[in-house]
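Student: Just need the whole structure built from these sequences, with the hints factored in.
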Amino acid sequence: MKKDLISNHIQLDDSDQLIHLLGLEGLSKQHLTHILDKADSLIDTSGNLRKSKALDDMSIANLFFEPSTRTRNTFEIAAMRSSANIINVDLANSALKKNEDLLDTMRTLKAMQIDMFVIRHKQNGLPHHVAQYLKDVSILNAGDGINAHPTQALLDMLSIRQYKKTFEDLSVAIVGDITHSRVAHSDIQALKTLGTTDIRLIAPKVLQYDLKPYSAIKRFGNIELGLKNCDVVIVLRLQKERMIEADIPNEQEYFDNFGLTPKRLALAKPGAIVMHPGPINRGVEIDSSVADGNQSIILQQVTNGIAVRMAVMQILANKL
Amino acid sequence: MKKDLISNHIQLDDSDQLIHLLGLEGLSKQHLTHILDKADSLIDTSGNLRKSKALDDMSIANLFFEPSTRTRNTFEIAAMRSSANIINVDLANSALKKNEDLLDTMRTLKAMQIDMFVIRHKQNGLPHHVAQYLKDVSILNAGDGINAHPTQALLDMLSIRQYKKTFEDLSVAIVGDITHSRVAHSDIQALKTLGTTDIRLIAPKVLQYDLKPYSAIKRFGNIELGLKNCDVVIVLRLQKERMIEADIPNEQEYFDNFGLTPKRLALAKPGAIVMHPGPINRGVEIDSSVADGNQSIILQQVTNGIAVRMAVMQILANKL
Amino acid sequence: MKKDLISNHIQLDDSDQLIHLLGLEGLSKQHLTHILDKADSLIDTSGNLRKSKALDDMSIANLFFEPSTRTRNTFEIAAMRSSANIINVDLANSALKKNEDLLDTMRTLKAMQIDMFVIRHKQNGLPHHVAQYLKDVSILNAGDGINAHPTQALLDMLSIRQYKKTFEDLSVAIVGDITHSRVAHSDIQALKTLGTTDIRLIAPKVLQYDLKPYSAIKRFGNIELGLKNCDVVIVLRLQKERMIEADIPNEQEYFDNFGLTPKRLALAKPGAIVMHPGPINRGVEIDSSVADGNQSIILQQVTNGIAVRMAVMQILANKL
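Protein chains in written order, with the numbering used here: chain A, 1 to 320; chain B, 1001 to 1320; chain C, 2001 to 2320.
A couple of the hints might just be wrong.
As the list claims (entries may be wrong) - Only pairs whose alpha carbons sit at most 27 Å apart, straight line, appear in this in silico DSS-like list of lysine-lysine:
| id | chain 1 | residue 1 | chain 2 | residue 2 |
| --- | --- | --- | --- | --- |
| 1 | B | Lys-1051 | A | Lys-110 |
| 2 | B | Lys-1053 | A | Lys-110 |
| 3 | B | Lys-1098 | C | Lys-2240 |
Don't read these hints as lab results, they were simulated from the structure.
Tutor: Here it is as structure tokens:
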């Protein structure tokens, strides 16, 4: 399915309440703020995650069709800290050739009393597709193709809010492969909804944002120009398979042109924060001294990722 | 071991109480009814599975030597809903060449305080073999070769009882590869014990029931004749590897001859129920409109599968 | 890193309390006794493991870079019986080429509120290396290269203490591949700390102990001489890859020269106990009748292994 044809409308019920989390398009500022507030409440004053009994009656299934131990673990930990049962359904050996087979698998799991499905799939819009056919369960999109990665964007927003309090007056730069990044797509949507009016997309030409832009979006081919006086820098991970496509001969070349170095970061505002969805490629898209430096909030993002996933799970569970 | 030489006698103790579940042969109507009653008590009036603390002192190990994510998940969920600890022992990398190695592995797990073993193995009688050598643990057969699949048959009986109340006056048709189906073998045994006097086995000649038949069993090579006025249709999954053996050139051919279509189902009694152990091959052994139709209780079987496994685990735990 | 250059000093804090378990070198008799006493308290009078709520606020990650279902399961069960959350981080697909990548993975897991890491790795000193860079978490070495396997040695000591009460007056024989055995290295260290003055290392020449010996250590190439009047026999598992190196043409040859047979065991003291870290190779390093005989405490070792791991986890958790 083409990315710009995917609709999230079925994630809201008739009273405008969230029943799935498929993507951020179509959610209001109130929806996002509600999730962020809930997530904040799950972190104690020392910055540690609370444990909760909120989901002790829920059973959740992780359906990961793309290998991503890391993201799968975040949902697993979020479920465990909320006292839910969670099973990892191993789909490596599964012969789910057709979407119909997947639907049968999910209906079967639902009949086993699974209440919530966390889905990662390489096909754009797959979570939206299955959500149409399943009643009385919640679908949580953990990344579909290049379309959306809503929980990542929400944890990014939580992290920005913790450090910058507001979204309206911020300049946010996103650096890297914008075209193929579901993280970038969801971040842009979230920032738009939350009112950010200066979003700078910094990328080599072939990896630039190729959807319909709007007034807040400015595109840069030059990282120095793009970073100037910004408040937030979100660095994207460089996927090796994109280097060939973008005619980037090697990692050093990418680093020379788009790597976030201390010198380049110095062009941003003094208190600018550095973010990255992880795992980082040191010396490729980010210099080690920046990743480990005092402007980096990369590990805080990880903690926020658990809080946001707990929050979303608990909000969706309330509607089941 | 030849299927008809496998004995289940060690699954009962001296007071005729269940201490393992190896197969249904040798269990009385009272034994089966006790399990079905227990399973029914674990489903609430809305048809949802209850949670229970019954096994919170138990540790269970899943030993799956055949890949079957689906069945493994059912035991995992049944254990979790009963508050037991459960571990999946990964045997893909294991070099258990001899049964003696397997026994050593199981004795080791027992020494780690594992109380119950769920075993799936391609060798007929393997669970029976190990049960002879292990004391103070329970063995739960999750499918051994073509011999038996007792929990599947029990969930089938629970499903039939929920819809038909009785077993005595029923006509039950089983369609598909009877020869190699442990599900069919256990279903036939269960129906016999529960008093069903009209069991129709519908299959291509080479896949027909090849054990010693008894008076209740009627064999059919023609599905239309076999389905006539029956109350229950159990459709078996067609395993691809059997098609060559049975000289079935392709799936369409099988469907043409033995697929359950609306037209064929219409030959059964009006209120006849359609069952399938899953996962279904749509358009091979069953037409989609039948699988999703209002006579199909396939998803109810899945829910009953969790209830039955919880029930068996709890009954066995009482004797440990 | 060379085995004899690896230092465990960072496993103790300024007050000499255990904050990691990296190896037994550097731990006092009091440290070891404290762990053994704690482990003993987790076994009830019938020899069954108790359940504990001690770690219900802890999250533990299993990081196994070497395949070892068995050892991984022991930590998993120990965590579950202590009410901790535990996740298995699948590292088979991970592209952790550099130690820096591993540190990033672990920092990320720590940010997900993982408190304790169980690590098995083929590189000597890897757990020590990462422990230097991570604050406020505990590292538990589950075997690093040929360097150390401290929890195995602790369970061996617990087993010896249960049967022999004391360590000072014992003669302990270790038979097999001493050179490459982290179990042997850790056992020798533990026995030294606990005061055993007669440690006999029995091995083919090329598999003999090749570190700096001390007065308690005696080396034997002949098993009959080595076993004479000993109190404890620890048999090591023969790794196939070592047979070629040691010019052992086949398993029978090894068994003929170093296998523990009833006849050889008769040379030890009458009440001598037989131990093995498992899994055993019957007919290779040990005769079946000895492994299953009444002097064998191999299965008791397994139970003790859970108790020791629970004890270590609980002691480390107290310092977090």
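Student: Hint by hint, note whether the structure agrees.
Tutor: Evaluation of the provided hints:
1. B:Lys-1051 / A:Lys-110: Holds, because 16 Å separates the two Cα atoms, which is no more than 27 Å.
2. B:Lys-1053 / A:Lys-110: 22 Å, holds
3. B:Lys-1098 / C:Lys-2240: The hint holds at about 17 Å.
In summary, the structure agrees with every hint in the numbered list given earlier.
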